[in-house]
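Novice: Just so it is clear: in the sequence shown, position 138 is 138 by UniProt numbering, and no numbers are missing.
Hint data in this document are derived by calculation from the structure and do not stem from the laboratory.
From the three backbone atoms N, C-alpha and C, an ideal C-beta is built for every residue, glycine too.
One or more of the hints may lead you astray.
Now the in silico label distances, taken between C-beta atoms and shown as ranges [what the hints assert, rightly or not]:
no., residue 1, residue 2, range
1, 12, 225, 51 to 59 Å
2, 385, 309, 42 to 50 Å
3, 106, 319, 18 to 26 Å
4, 219, 446, 52 to 60 Å
5, 240, 196, 19 to 27 Å
6, 308, 223, 51 to 59 Å
7, 385, 53, 32 to 40 Å
8, 53, 424, 40 to 48 Å
9, 102, 446, 27 to 35 Å
10, 54, 424, 37 to 45 Å
11, 609, 446, 22 to 30 Å
12, 319, 131, 28 to 36 Å
Cross-link-like lysine-lysine pairs, in silico, DSS-like; alpha carbons within 30 Å at most [stated by the list, open to error]:
no., residue 1, residue 2
13, 540, 517
14, 540, 515
15, 214, 279
16, 232, 303
17, 303, 44
18, 214, 342
19, 56, 342
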Amino acid sequence: MTPMKSNLAPGREIAGCNPSRWIYELLNNNFTVCDLFERARHAKIDSTYTWDHAHKLAMNGNQSFSTASSRILSSICLDCHFHFVFQMTWDKAHNDGLCNRSQSAWPLLDNQFPCHHFVWVGSSPDPEIAQDSSKYCPLLAREHFVCSAPPCTFQLTLEISEPRMPQSWVSLLLDREAICEQLRTAKEQEPSRYQGATDEWAYQATLNLNTYLKNLLESAPEDARSISKRNKRFAVLFGPRCFAMFRQLEFIEQVELRDGVDEGSFTPSPPPPASGPHKVTETGTYRSYLEDVRAEVQCLIHKAGQAAEKPTIITPVLHAHLGCSEVPNAATNALVNTERYKLIGVLPNQTREIVVYAYKRQWHLLPSRRRALIDSIMGIANDIGDEALSDYAIIQSSLFDNQTYRPATNDDDGLVPQALNFLGLQPPNNYSADSLIQAFRQKLARDPADATTARSMLLLIAQNSNDDLYQAQLLMEADAKMSLATSRAILDLRATDVPWETAYEVAKKKIEASKSKEATQVYLDALEAIADHTYSPALKQASMELRRENGIYGAKGNGDDGPVNYALPVGLHNIGNTCYLNSLLQYLFTVKPIRDIVLNYDDVKLALDDESIHARLLGGNKMQMDRGEAVVAQACKSHIAKATTATNIELTG
């Protein structure tokens with residue numbers, strides 16, 4: 001779980017999308033969920049841009065790089081001159097958990113993650129933007145996105161900043177009438193000096209400024225060359241009307257008046273060498289500012305058709321970095337902004353594997369819109385005439401209509417919301433079994449000492465469902481014998497196949513850092529479960545050694561090899577045997593104090609608010625009760641009442 005991904009909490013319904021669609025929506029100022037462009041349209045900025053054209057992003061300066069766990073891609077729009085910086089990070093220790101195209105297959109399994117699925121998890125707050133903004137980088141917005149695939153740690157931050165050159169500078173550089181007027185005046189005053197000058201100079205202000213900036217960026221401090229204010233081209237193309245521009249660019253001005261004429265100069269201040277990773281320029285520095293201004297000047301040169309080389313469009317690079325492919329002619333497809341494609345989060349004409357994968361991700365992200373998701377995937381199947389995709393959509397619809405994924409609940413005591421809260425979920429219970437199981441595993445990974453209570457919560461949710469399949473999935477997950485997936489989640493083993501030595505070392509480190517016997521027990525159980533599921537005698541032996549070292553044994557204690565006591569009632573070892581469990585509950589009902597509590601429960605019932613729970617102290621040591629214990633206690637009362645009512649037994653005190 002990455003820091004930003006923790007914002008992707010179960011219960012918060014936020015739609016995501018395929019990276020190809022994410023890029024399309026970015027370039028066309030139309031994010032389905034993120035309100036970036038709506039905010040930008042209302043922002044007070046020094047730009048005439050109205051956010052109504054498709055961005056053409058070109059590589060910017062010496063600001064892009066890649067490392068083993070990060071990537072920066074710096075770009076500028078050729079038309080509006082806004083700057084777009086893409087910051088990508090991931091956990092290199094879990095590279096094998098990253099989404100990968102090699103996992104694409106048909107049919108697509110639930111544990112296959114062929115591409116990222118981006119979800120917006122928020123914006124940097126205005127005070128932070130204001131603090132980070134400067135002349136060198138006038139930040140407009142910083143948006144955060146994460147991949148929603150469970151094992152993937154990829155996260156993306158998009159920074160958009162305003163043009164470095166104000167509109168007044170652009171007007172000065174392109175004011176050809178003013179340049180021609182200055183040239184006419186210069187020829188009148190010094191005809192011999194300007195004999196070779198032509199009106200073509202009126203189109204060269206951007207070219208000259210580009211040269212000045214190029215020389216400045218490539219010069220060492222000792223090599224900086226001053227620009228005389230009397231320089232013929234400088235005087236005509238720029239002159240006094242542009243002096244403020246050069247001051248803002250941090251050229252050092254020198255004034256030398258001779259006979260009323262300023263014969264001074266502007267001396268550039270070469271910035272320090274680039275000091276970022278791989279010697280790239282760090283954003284927010286004077287060097288990056290100069291690179292950004294130069295990039296904007298080059299955009300003007302390109303637009304005028306004067307560029308010697310074409311700019312490097314980053315769209316193919318961005319698609320490659322985000323692990324997706326560009327969809328041809330997406331912007332002109334009439335279906336691109338229809339609701340079904342926006343809801344699934346894909347573009348028209350993407351493959352069935354990508355469509356189904358996006359559907360699966362949205363299914364978990366938007367539990368309240370599952371019917372609409374099914375209708376959307378059916379519509380997409382019809383659009384592309386894909387029979388296999390159509391069959392898949394029909395099966396999904398049939399399963400949904402038969403409530404395979406929607407649990408019918410029978411929660412008379414209102415305990416299910418408490419159980420959901422304990423697992424980190426928000427009521428009501430509209431969650432699929434997979435979502436609940438995922439939350440259960442995350443709870444065990446975060447708080448292994450609470451494993452017993454977490455299992456009780458999962459059992460409680462299962463027992464309040466009328467859906468047999470749904471109930472069975474939860475009951476199997478709640479079993480004390482952990483599944484392989486649960487064991488790996490607890491030990492934070494992302495890979496599907498790791499050497500047994502790795503699993504052992506990870507478990508050992510967690511045990512050494514454990515702060516409670518209960519947590520240690522869970523780590524040992526998880527390690528032993530992995531040994532059993534992977535048929536690893538070596539790991540099994542190692543887990544037993546760890547148990548002995550820590551003085552903690554399994555359910556059978558340290559007498560696993562002792563004879564079985566067949567005199568015990570059936571179900572004593574397997575408490576899941578409902579007949580025996582009911583017998584225990586009925587026996588408890590024969591105890592008068594317990595029976596009085598059950599029959600008059602409303603008189604002694606503990607309210608499940610924080611104040612009441614914290615006020616309840618247990619035992620002679622006055623230990624504080626936690627919420628899980630309170631919920632389990634109420635569930636126990638319910639089970640006793642149901643067990644005794646079901647058999648109509650009559651008991652006396």
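Novice: It remains to establish, for every hint, whether it holds in the given structure.
Specialist: Verification of the hints:
no., hint, result
1, 12 - 225: 51 to 59 Å, "holds, 58 Å"
2, 385 - 309: 42 to 50 Å, "holds, 44 Å"
3, 106 - 319: 18 to 26 Å, "holds, 22 Å"
4, 219 - 446: 52 to 60 Å, "holds, 55 Å"
5, 240 - 196: 19 to 27 Å, "holds, 23 Å"
6, 308 - 223: 51 to 59 Å, "violated, 24 Å"
7, 385 - 53: 32 to 40 Å, "holds, 33 Å"
8, 53 - 424: 40 to 48 Å, "holds, 43 Å"
9, 102 - 446: 27 to 35 Å, "holds, 31 Å"
10, 54 - 424: 37 to 45 Å, "holds, 41 Å"
11, 609 - 446: 22 to 30 Å, "holds, 23 Å"
12, 319 - 131: 28 to 36 Å, "holds, 33 Å"
13, 540 - 517, "holds, 20 Å"
14, 540 - 515, "holds, 24 Å"
15, 214 - 279, "holds, 18 Å"
16, 232 - 303, "holds, 26 Å"
17, 303 - 44, "holds, 26 Å"
18, 214 - 342, "violated, 44 Å"
19, 56 - 342, "holds, 22 Å"
Of the numbered hints listed earlier, those contradicted by the structure are 6 and 18.
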